[in-house]
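Use the sequences and the hints to build the structure in full.
In order, the protein sequences belong to chains C and H. Numbering of the first sequence is given in this note's numbering, commencing with residue 2 and proceeding in unit increments. Numbering of the second sequence is given in this note's numbering, commencing with residue 422 and proceeding in unit increments.
Be aware that one or more of the hints could be misleading.
Have a look at the derived ranges for each label pair, beta carbon to beta carbon [as the list claims (entries may be wrong)]:
no., chain 1, residue 1, chain 2, residue 2, range
1, H, L726, C, L483, 54 to 60 Å
2, H, S442, C, E231, 32 to 38 Å
3, C, G405, H, V570, 22 to 28 Å
4, H, V570, C, I365, 56 to 62 Å
5, H, G436, C, F415, 18 to 24 Å
6, H, K688, C, L425, 58 to 64 Å
7, C, I371, H, I425, 51 to 57 Å
8, C, W47, H, T568, 26 to 32 Å
9, C, K441, H, V441, 43 to 49 Å
10, H, I425, C, A471, 40 to 46 Å
11, H, K585, C, L425, 29 to 35 Å
12, C, D495, H, K431, 30 to 36 Å
13, H, F435, C, L425, 46 to 52 Å
Residues from chain H shown here face chain C by an in silico Cβ test under 10 Å; the list is partial [to be verified]:
no., residue
14, I425
15, K427
16, V432
17, L445
18, L446
19, I448
20, G529
21, G574
22, K580
23, L581
24, T593
It is worth saying that the hints were derived from the structure and are not from the lab. Heads up, the beta-carbon is just placed ideally off N, CA and C, and yes, glycines get one too.
As a plain string of letters, each chain reads:
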Amino acid sequence: MLIVVGYPKQDYSHLFDMIFNSIEFAIFFPIVTLVYFLLGHKHRWWWLLATSCYFYMFFKPEYILILGFTIVIDYFAGILIEQSEGARRKWYLVMSLIANLGVLAVFKYYNFFTLVVGEAGLASLPMLKILLPIGLSFHTFQAMSYTIEVYRGNQKAERHFGIYSLYVMFYPQLVAGPIERPQNVLHQFYEKHTFDYDRVTSGLKLMAWGLFKKVVIADRLALFVDKVYEHPLDYQGIPIIVATIFFSFQIYCDFSGYSDIAIGSAQVMGFKLMKNFDRPYFSKSISEFWRRWHISLSTWFRDYLYIPLGGNRVSTYRRYFNLFFVFTMSGLWHGANWNYIIWGALHGIYLVAAIILAKPRNFINKITGITKVPFLFKIVQVSITFILVAFAWIFFRGSYLELGWTWHLVTHLFTGLPSISEFLHVEYISQNVFLDKGAKEFFTAIALILFMEVIHYMQRDKSMRDIIAAKPTWVRWGIYYLFVMLFFIFGIFDSPAQFIYFQF
Amino acid sequence: MTGIKKFFYKVLLFGAIIIVSVWLLNIVFIAQTSPYEYLGGMLNDKHKMVSQIQSPKVLWVGGSSGSFGINSDTLQKHLGMPVFNLSFIAPLGTYFLLNDALKEVKKGDKVFVSTEYDIEKYSTPPVIYSAIDYYPAGAIYVARDTTTVDYIGHRVKHKLANIKKLFWNVFTKNEAAVAAVEDKTSVYFRSAFSAKGDIISHVNNTPKQVDFFLFPKAPIDYQEQIDDLNHFVAEVRKKGGEVYYVFPPLAESTYQYGKVAVESVEKQLKANLKCDILGSAKDFVRKDSSFFDSFYHLKPFARDLNTQKIIELYKEKQK
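This is how it looks when you write it as structure tokens:
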């Protein structure tokens, strides 16, 4: 099945079975890990590379050639950049960036460009009937960070072709990140990793928590979210609000769940990948949110786009432009779609507005005296940040829809609201709040979100794994047992649902 | 490799605790639901009952259109042989239904087979995995249509789904537990059928709204199902029995809506089926008002008319 890139939704459901929540991965992972530890250190790199190729080729085998193309280009570009000086050095970097961005342009953005140009009546270009390679934006950005860091002199060019290929293809983070930096990862492929009991079990526990967030929370919330977002014109008011709030947690559990499994599976083998999420819905501002959400991407844009544009050390208006531009680009990174662009731009606007409105905000805080009650002040800040983020998610989730339909959702957020007597009617609540899924499903979803956030709150100083590790054996085993049973009882196992971020 | 042994011992021990827990909870769930489980219970009970009938006998084999579609007492009176209705549900698929029925066929038996137009060769996973919880003998008909990984995956998922149901059963009342033939609402429960295997639980009940158009419109490729039927015919003949094919009852509106699909199946059956066929598809089309809760499920009065039609066509065939 081939789907035209751009619109509509990319459907990988029958193409990529090797997802972290599949039986295939449950077989793949222990075999790869066991053989990894049984092999001598000097053989491990090719084993990881071969299994990473196998992992990727579950999607569309021939697309490994695209990865191969960028790997070869960037491998030689790295060496040439290191060996050159002056303009030639820059020239090699530019050539490497053009090759990487060129692949993205063809596979991800060409059809969108064609649609935009066509709709504007400028030209009628043919559409490409190609499927977007899975995780293309992730590994392309990771590859680009390599040549940029070599150019900046922060990283030596890698001479071992296999190790460099592994840097791009390392299966835990190949299709949805974290988007790593060469300084953090490349040297780790040379280090000898022994089987360390505490590290291995800690990695497995992180994987279990990630799987829990995906299968138990995200896939459950998707049942509610999909009902509204698959028929947006049928809804107004409360159902849109409920679905949007649920989507905010769905996308967090889906993506951070994936990241936890990726980081955990790498940790089992002895690799340390960067943190990608840090309890983002506890953020007190949008800028803090972006320090806690998809950290590997936001720092990528900060290091390779925002700072080169001048960052904060420019005129006020230029800074506003930089913020707006970088976040709009971040939206475009997610997908060739107006909805993503608006989502990114909206975050750019939030950040600019936060700077502009700092004085009036401080004035309001002063006259209301809210800052004198820090806990209440924090709740207000966290709530406002969450509302702003959730509102922007409407565009993100609406990326599968025509822009007009997303606009319907935005403009009907507060229409058709019931009177109190209407709201208290059982049938109204059943249809509009429970979204016809029943009270049992609704309250289970709410309880699971609260459960997760309580765990997050408890983890503010120390990870839950460390907290549990300090308990006596019978308590630890009791907790693990209960956790597994909760997973079985509340998990959604109908069919392994794809991770949302695979499409990027 | 510090700690690798310790790791494996602990993983094995924890894994064993989890597997034993899942297994025990499933035993509890099956024991708790078995008294009123419709499909699994019916599979067990009907096989037990039919094994006590002396041959030569008449067996009715197929999906639920047969369970609702014949009056075995009337059939027995006219055919002069003991009759048993060994019909279950179409989602089990022809491969399961026919192979499962085959073991009850003995020398001299007459077997009437009636398969729904939209029946598949293989069963739908949730149905079959639930059925084999209560009827483990059916497990051999499942593993063939799927890879080992899929099979294990489905079985594990099903066992986990049972734990989920067990958990929620604590908080919710299970209506099937109090279902009875005499009440006016329940239909699908373990003791829903007569001593001859006909569904009788709906006799006093108010009919439900039927969606007559939930039926295929395009021609249906029935070759796989016909292959199963022909295999069944050959095996029955080997055992010294004979087979007749009977079209399932169908509502008039459904027939008109899916005429192309029905005619395509009829054409393939008439061209390729290696046994006698009683009448035509049109002979078994009945008024919409004859149907209870599906365009295949006849109301009691229509079941009698359907049985008369079958007897009439069978006698014609014997001339």
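Verification of the hints:
no., hint, in the structure
1, L726/H with L483/C: 54 to 60 Å, "holds (58 Å)"
2, S442/H with E231/C: 32 to 38 Å, "holds (37 Å)"
3, G405/C with V570/H: 22 to 28 Å, "violated (43 Å)"
4, V570/H with I365/C: 56 to 62 Å, "holds (60 Å)"
5, G436/H with F415/C: 18 to 24 Å, "violated (51 Å)"
6, K688/H with L425/C: 58 to 64 Å, "holds (59 Å)"
7, I371/C with I425/H: 51 to 57 Å, "holds (56 Å)"
8, W47/C with T568/H: 26 to 32 Å, "holds (29 Å)"
9, K441/C with V441/H: 43 to 49 Å, "violated (28 Å)"
10, I425/H with A471/C: 40 to 46 Å, "violated (24 Å)"
11, K585/H with L425/C: 29 to 35 Å, "holds (31 Å)"
12, D495/C with K431/H: 30 to 36 Å, "holds (31 Å)"
13, F435/H with L425/C: 46 to 52 Å, "holds (48 Å)"
14, I425, "holds (5 Å)"
15, K427, "holds (6 Å)"
16, V432, "holds (9 Å)"
17, L445, "violated (12 Å)"
18, L446, "holds (9 Å)"
19, I448, "violated (15 Å)"
20, G529, "violated (46 Å)"
21, G574, "holds (4 Å)"
22, K580, "holds (9 Å)"
23, L581, "holds (5 Å)"
24, T593, "holds (8 Å)"
The structure does not agree with the numbered hints 3, 5, 9, 10, 17, 19 and 20 stated previously, though it agrees with the rest.
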